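Asks: The lines below spell out each chain.
2 protein chains.
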Amino acid sequence: MTNATSSSSNGIQMPDPASVMVLTLAYNGELFHGFARQREGLLTVQSLLEDALTRRFRRPVEVVCAGRTDAGVHARGQVVSFEMQEGEKPSGLLMRSLNGLMKPGVVVTDARRARAGFSARFDAQTREYRYRVVDGPIPPLALGAFAWHVRKKLDLDAMRQAAALLAGQHDFESFCLTDSAKGRNTVRTIDSIDIERAVELGEEYIEVRVVGKAFLHSMVRTMVGTLYQVGVGAHEPEWVSDVLAARSRASAGQTAPAKGLTFWHVEYPDDVWL
Amino acid sequence: MTNATSSSSNGIQMPDPASVMVLTLAYNGELFHGFARQREGLLTVQSLLEDALTRRFRRPVEVVCAGRTDAGVHARGQVVSFEMQEGEKPSGLLMRSLNGLMKPGVVVTDARRARAGFSARFDAQTREYRYRVVDGPIPPLALGAFAWHVRKKLDLDAMRQAAALLAGQHDFESFCLTDSAKGRNTVRTIDSIDIERAVELGEEYIEVRVVGKAFLHSMVRTMVGTLYQVGVGAHEPEWVSDVLAARSRASAGQTAPAKGLTFWHVEYPDDVWL
Numbered sequence: 001m002t003n004a005t006s007s008s009s010n011g012i013q014m015p016d017p018a019s020v021m022v023l024t025l026a027y028n029g030e031l032f033h034g035f036a037r038q039r040e041g042l043l044t045v046q047s048l049l050e051d052a053l054t055r056r057f058r059r060p061v062e063v064v065c066a067g068r069t070d071a072g073v074h075a076r077g078q079v080v081s082f083e084m085q086e087g088e089k090p091s092g093l094l095m096r097s098l099n100g101l102m103k104p105g106v107v108v109t110d111a112r113r114a115r116a117g118f119s120a121r122f123d124a125q126t127r128e129y130r131y132r133v134v135d136g137p138i139p140p141l142a143l144g145a146f147a148w149h150v151r152k153k154l155d156l157d158a159m160r161q162a163a164a165l166l167a168g169q170h171d172f173e174s175f176c177l178t179d180s181a182k183g184r185n186t187v188r189t190i191d192s193i194d195i196e197r198a199v200e201l202g203e204e205y206i207e208v209r210v211v212g213k214a215f216l217h218s219m220v221r222t223m224v225g226t227l228y229q230v231g232v233g234a235h236e237p238e239w240v241s242d243v244l245a246a247r248s249r250a251s252a253g254q255t256a257p258a259k260g261l262t263f264w265h266v267e268y269p270d271d272v273w274l
Numbered sequence: 001m002t003n004a005t006s007s008s009s010n011g012i013q014m015p016d017p018a019s020v021m022v023l024t025l026a027y028n029g030e031l032f033h034g035f036a037r038q039r040e041g042l043l044t045v046q047s048l049l050e051d052a053l054t055r056r057f058r059r060p061v062e063v064v065c066a067g068r069t070d071a072g073v074h075a076r077g078q079v080v081s082f083e084m085q086e087g088e089k090p091s092g093l094l095m096r097s098l099n100g101l102m103k104p105g106v107v108v109t110d111a112r113r114a115r116a117g118f119s120a121r122f123d124a125q126t127r128e129y130r131y132r133v134v135d136g137p138i139p140p141l142a143l144g145a146f147a148w149h150v151r152k153k154l155d156l157d158a159m160r161q162a163a164a165l166l167a168g169q170h171d172f173e174s175f176c177l178t179d180s181a182k183g184r185n186t187v188r189t190i191d192s193i194d195i196e197r198a199v200e201l202g203e204e205y206i207e208v209r210v211v212g213k214a215f216l217h218s219m220v221r222t223m224v225g226t227l228y229q230v231g232v233g234a235h236e237p238e239w240v241s242d243v244l245a246a247r248s249r250a251s252a253g254q255t256a257p258a259k260g261l262t263f264w265h266v267e268y269p270d271d272v273w274l
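If you're matching them up, the sequences are chains A and B in order. All residue numbers for the first sequence refer to the numbering used here, where the first residue is 1 and numbers rise by one. All residue numbers for the second sequence refer to the numbering used here, where the first residue is 1 and numbers rise by one.
Excised from the complex, chain A in its bound form (with noise of 0.2 Å):
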């Protein structure tokens, strides 16, 4: 916060910050106990950044996020905003020193200002997540980290018909975990839901790309443990439109483990970048 002030087009007097600083993280979520600051003594990334953050400006440093990742959730784009105090001027070698302070296993990957108001989470357009699946007897080795094991081979096509009765919206209770589901609004609108084979590091693999504005709590992992079981054959495609109905967590297939999920990337609006 400044001293300084302005009209916000309601009136009311604001705080008039000189600006927002932007970074983008990947990270292991192997090594972290999820994304938010927990109880003192369990390593979360937010309590690593915001650290390495507070030695950097000398000051206690607050971060907003894009989307909190549960304990093993991996991001190739998580995207967190602070207000900069007038007088900061990060250099360009911000994002190197906060990659020096915090290593290992979570990256700054890009660092940029904003207008002052920017929320890296009231902004966000949409998000996209990604989940990785091997299918087969063999098991991954250097996507092991980045993907969850399934024996059997998974019917792709299947999977897909069961996806597009997901995608549009939908009343998504049934895919959020009981307790965070409790007299909230569980309605979201999924944009897409693609569903692909890919080979990377020479492994074989599935990959479930899901874009949306917004997410409930465990609700892509609740999505790809329900698709697992049409793409298993132990319910046809469109089980899950009953699933949907149901509205209960009962109705729908297993959490998919944590650390098949990586949050991929935040869509922002062009204009909010200084």
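Since the hints were derived computationally from the structure, they do not count as laboratory data. All figures in this text were calculated on a predicted structure; none of them were measured in a lab. Please note that a few of the clues may not be correct.
One copy or any two copies: either way a pair holds, since identical chains are not told apart in the list.
[Stated by the list, open to error] Distance condition first, Cα-Cα at most 30 Å in a straight line; then the derived BS3-like pairs of lysine-lysine:
1. K153 with K182
2. K213 with K182
3. K213 with K152
4. K259 with K213
5. K153 with K89
6. K152 with K89
7. K152 with K182
8. K182 with K89
9. K89 with K259
Please build the complex by placing chain B on the supplied structure of chain A, with the hints as guidance.
Replies: Here is chain B on its own, set in the frame of chain A:
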């Protein structure tokens, strides 16, 4: 060995093993003190594998490999062979039971039988190594264990010009560990060196793919360290011809770190498989 014998083409009576078992292995080199068995207590791929095979077949088993890899070097397609004894008929479950006995860090990705006399080492027609370099200020995360990180962007065109001068038949003494080269024939033929940019797991890297029949000790890593000198602008591409001509390890670039290197693939004649 069995008691059965057969005549080889030169008329000498030879033992006639029932057949040879051939396994393809992937492993994470950072977990092992290289491929080759060493003194007791050092974990190597060979010791882990032979111990598992000895338990599986209830007799001592020794394997021959297509190429020894140094500590820290990964494999995607290492190949090993060992003689089967008469009456030994490994089931389709061999791969699965070995993977259960050996994890983590090494995976059997293929198991097949070859004609008697086959050797993973001596029957190899070509070997392919791949070396990954992440160039730029942002350290790799998901690729961190499988790539060499250098801070400067490398000039691929210059590296390709230099690589073209290394392809073909040359005396590669300058690219061999001094001790290994002493008094040995250091002429080798490189079939191809391809250098491409790629993106995997969301991270950009340079891949150097080298194919040849046989390689000297640490030859690929020294080639990469030498190409790096060109890519970073410390030398012109033509310099590598001077390096070859010098026939002295001191003239070449550094030995690039082990973790960037993966023993990728071995090619065998089609007619060896049963």
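Asks: It remains to establish, for every hint, whether it holds in the given structure.
Replies: Right, here's what the structure says about each hint:
no., hint, verdict
1, K153 with K182, "neither (36 Å within a copy, 51 Å between copies)"
2, K213 with K182, "within (21 Å within a copy, 65 Å between copies)"
3, K213 with K152, "neither (32 Å within a copy, 37 Å between copies)"
4, K259 with K213, "within (22 Å within a copy, 39 Å between copies)"
5, K153 with K89, "between (53 Å within a copy, 26 Å between copies)"
6, K152 with K89, "between (54 Å within a copy, 25 Å between copies)"
7, K152 with K182, "neither (35 Å within a copy, 52 Å between copies)"
8, K182 with K89, "neither (44 Å within a copy, 58 Å between copies)"
9, K89 with K259, "neither (37 Å within a copy, 38 Å between copies)"
Going down the numbered hints, you'll see the structure goes against 1, 3, 7, 8 and 9, while the others check out.
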